[in-house]
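2 protein chains.
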Amino acid sequence: MSGPLEGIVVLDLTRVLAGPFCAMMLADMGAEIVKVERPGAGDDSRAFGPFVNGESAYFMSINRGKKSVTLDLKKPRGKELLVELAKKADVLVENFKPGVMKKLGLSYEQLREHNPRLIYAASTGFGQTGPYSARPAYDLVIQGMGGMMSITGPNAQTPTKVGSSIADIFAGVFTTIGILAALNHRHRTGQGQMVDVAMLDCMVAILENAVARFVASGKSPTPIGNRHPSIAPFSTVTTADGMISIACGNDELWKRFCKLAGLELAEDPRFATNPERVAHWAELEPLINEAMKKQPSAFWLETLQAAGVPCGPINDIEAVLSDPHVLARQMLVEVVHPVAGAMKVPGVPTKFSESPAEVRGPAPTLGQHNFEVFGKWLGLGEAQVRRLVEEKVL
Amino acid sequence: MSGPLEGIVVLDLTRVLAGPFCAMMLADMGAEIVKVERPGAGDDSRAFGPFVNGESAYFMSINRGKKSVTLDLKKPRGKELLVELAKKADVLVENFKPGVMKKLGLSYEQLREHNPRLIYAASTGFGQTGPYSARPAYDLVIQGMGGMMSITGPNAQTPTKVGSSIADIFAGVFTTIGILAALNHRHRTGQGQMVDVAMLDCMVAILENAVARFVASGKSPTPIGNRHPSIAPFSTVTTADGMISIACGNDELWKRFCKLAGLELAEDPRFATNPERVAHWAELEPLINEAMKKQPSAFWLETLQAAGVPCGPINDIEAVLSDPHVLARQMLVEVVHPVAGAMKVPGVPTKFSESPAEVRGPAPTLGQHNFEVFGKWLGLGEAQVRRLVEEKVL
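First to last, the protein sequences are chains R and L.
So in our numbering, spot 275 of the first sequence is number 275, and the numbers just go up one at a time.
So in our numbering, spot 234 of the second sequence is number 234, and the numbers just go up one at a time.
The set of hints was computed from the structure by calculation and includes no laboratory data.
From a predicted model like this one, the values you see are computed outputs, not experimental measurements.
We put the beta carbon where it would ideally sit given N, CA and C, even for glycine.
A couple of the hints might just be wrong.
Incomplete in silico selection of chain R near chain L, CB under 8 Å [stated by the list, open to error]: (1) Gly130; (2) Gly147; (3) Thr152; (4) Ile166; (5) Ala181; (6) Gln191; (7) Gln193; (8) Val195; (9) Asn226; (10) Phe234; (11) Thr236; (12) Cys311; (13) Leu321; (14) Arg329.
Based on the provided sequences and hints, a complete structural model is requested.
If you want it as structure tokens, here you go:
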């Protein structure tokens, strides 16, 4: 079925993660994505392991549903062809370092002369402006600079990186928001524009209550493990065979939990109210863990859930991807890749009632759509495309 | 200046974090947001500390630039007024548990009878469908169930929650994407629709290479601290006075790093190539830390950056919010609240060249815009609004 972005045409010059993740979301929502790759090697992430039949599982997962053409942007003819493609596109998205596109003669200012309706989105580590603009960025560096590591970890001495590359992913997601909002502006005014998204800005924007706490108190929060700063018990606890989360948001839930856990603490003045429980968490935590260790996780999850005490498993990736709810929500779907064969990829978290977003096909092989795109968009014949390939323009 | 969503009118029935974060992004981009709150108490997060002059810093930070009206949706007159407001709105966003709006007679199916162009977005823990749909959800529970904790932490035995409520925030962000894409669909077709976003789905969608690695190998990844699974050195290291990140993506950078760090390891066969360095990381890490401990972080950052070795500080929140680049990018901005006074809030990470997104004003006090909204939208006079307040409908 056609998605909410049906008819929108996107030139995707991005590599690795942030930009490709953005273009993937647009593809899932029904836009036509033409990924423009370097002849020969293509997107760097085609070389990232692990591989399935020689194809990168990583590349395939975040480039599903796109078309691939090759184009050498350093050759004059390559530049010309890119300009011709940009004339036909609604959106161009790139994640080169600032200045690279300008040097190629392909900056927003240059391209909008050819297509004033073009929405040009650039996703970078530090953005198009500011003192660090020219620096290279990696997710690790940005998570550290952006404060995310300073509030994540088992204790104050152990700042910890988030296991997923969320600095990249948030940049991709905010770039998508920028493109979609710019499309809305264009519907109203006919005007294209440039969207500039920096990974570091995105990290600052999602620090959440850490900023509010700092602004109100002047003190920087530190990592506090898995517990909540002002609710208890609201943490992970250790069972006979693992770990679960429990979330007692009020005194009533606490009393219910004590009864089920066999803890005679509900009347203990140290733990009678939430502020007392937070203040005495160092004493309370071992008592709870001692009780929880008497049964396995499955027992506690069933018992607590039946009584309405919010809780959940700490799933590993295998458990997540076989969870009946995750499967019912179509959050793991199969695509069949021409080389790698059938492969599972994450589904689409934004569900639409009338114009569904969905995984629309496998990732392309390098240059798979050269004939189709240069033919359909620019009217080049097969012989012309073959010659461009021989000349290493494509 | 007007933003890219100029002219879009949003009814915001959300509370706490995921939904309010979504509506905040829409407000920053220039949409008119009318936040509909319970008479008396309002959004639960108005009661969350820390407080500035009695106003919640947390509430103020994620509700800036919105208008507030009060409305008791359980009273027949309250329902009627909500329907009248929904007739005038482009978008309605809510984050009640599934079924609550239907019970109130205000589900999407019911509201679209009155406004077929309405985009109705629901942000929940588990979504409108699937076996866990009715369960309550908390960020902690979802981070555990969604696998994020299983790949975050200092070692395999210590699954760790991300310090920011990213399950909530990603749900807010993906809901924003759904609303904006649905607006695009409506521009083309005139048709509204329902957008359904679940926190758990969002967590699965952003597990990134953890899913690709599991799909390719059948093995669930575990937390590995701050290092990279397949590049070394690409990690945090300990200096004389703290910790920094370094990211040597190739052998050339490794050699340069060794020279600067005074390490005679570049020719050591255990560490000559990246695969060797990854394989011998347990031996290499203490050697690097020993060298790094000889100087403070500032020395190493300056030395390494001057030589082009990617690196960065591990900033606490105070350092982030006083960083010259963060300030140059306007990622910390001041709003003046009528009660709390001047207050800093995070800026907007999506930068537009022609229709800027920006923080458009302080958060509203409860019901601050009752006269304005019920007057302007529904034509109610001041006396009528006063009577509705007396009757506790507002």
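Hint by hint, here is what the structure shows:
1. Gly130: This interface hint holds because 4 Å falls under the 8 Å limit.
2. Gly147: With Cβ-Cβ at 4 Å, under 8 Å, it holds.
3. Thr152: 4 Å, holds
4. Ile166: 7 Å, holds
5. Ala181: Given a least distance of 4 Å, the restraint on R/Ala181 holds.
6. Gln191: With a minimum Cβ separation of about 6 Å from chain L (threshold 8 Å), the hint on R/Gln191 holds.
7. Gln193: With Cβ-Cβ at 4 Å, under 8 Å, it holds.
8. Val195: 6 Å, holds
9. Asn226: 4 Å, holds
10. Phe234: Hint holds; R/Phe234 Cβ to chain L Cβ min 7 Å, cut 8 Å.
11. Thr236: 7 Å, holds
12. Cys311: 7 Å, holds
13. Leu321: 7 Å, holds
14. Arg329: 5 Å, holds
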